[in-house]
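Chain order of the listed sequences is A and B.
Under this note's numbering, the letters of the first sequence match residues 1 to 115, in that order.
Under this note's numbering, the letters of the second sequence match residues 116 to 230, in that order.
Any given hint might turn out to be false.
Claimed, not checked - Coverage of chain A stretches by chain B, computed from C-beta distances (three or more under 8 angstroms per stretch; other residues unrestricted): (1) 36-47; (2) 86-94; (3) 101-110.
None of these hints come from the bench; they were simulated from the model.
Given the structure is predicted, the values throughout are model-derived calculations rather than measurements.
A virtual CB, placed ideally from N, CA and C, is assigned to each residue, including glycine.
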Amino acid sequence: ETGVTQTPRHLVMGMTNKKSLKCEQHLGHNAMYWYKQSAKKPLELMFVYNFKEQTENNSVPSRFSPECPNSSHLFLHLHTLQPEDSALYLCASSPNGASGGNEQFFGPGTRLTVL
Amino acid sequence: AQKVTQAQTEISVVEKEDVTLDCVYETRDTTYYLFWYKQPPSGELVFLIRRNSFDEQNEISGRYSWNFQKSTSSFNFTITASQVVDSAVYFCALSEAFGNEKLTFGTGTRLTIIP
Chain A
1 ETGVTQTPRH LVMGMTNKKS LKCEQHLGHN AMYWYKQSAK KPLELMFVYN
51 FKEQTENNSV PSRFSPECPN SSHLFLHLHT LQPEDSALYL CASSPNGASG
101 GNEQFFGPGT RLTVL
Chain B
116 AQKVTQAQTE ISVVEKEDVT LDCVYETRDT TYYLFWYKQP PSGELVFLIR
166 RNSFDEQNEI SGRYSWNFQK STSSFNFTIT ASQVVDSAVY FCALSEAFGN
216 EKLTFGTGTR LTIIP
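Kindly produce the complete structure, drawing on both the sequences and the hints.
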């Protein structure tokens, strides 16, 4: 248990569906992250939120829309995805996204399959 | 730009053998942090170690040890007397020391311990 939970753990969706991934951290951290993990590729940082403000958008297509209502919750809204978006989506948190050097704590991920 | 290279894609060893996972990094920063994470089949990345670029002392934690050599930009990880529970994907990562806690990951090494 890392203190970061993600739901759902598995999601299968069609290309025309709209779904959302949820992440919650119980660690009192101020920074939260979304990563995409595809087979045989490094983890790709998608978004960074620090104190609820988005500080990084790593050229992510607009069909991925993040939302951070507070420092404990992070969502990733999905719409009109492509099959190549199938991957493991990992959420992470860290104490302070602006200080450097702190480890990130990861959730178990959502395995997304786009048909 | 930062880059982390894990040249070993997959390694298999027989239980109780020692195994070393290689990590080579590139950065223009003079101060930075290096990390190792373990990803078991359950999916979440588990933090193993953080090393500051000014601290080149090797570290040992039980069966795990890390060899940090700035001269060769390497941060290798050795498991002594491997066990089946060590089977996982291991990621090396690099972050800046100031300004943010973004991690640059390598592609990972899948380690399989054969009973």
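(request) Find the hints from earlier in the document that the structure breaks and name them by number, from lowest to highest. (result) none
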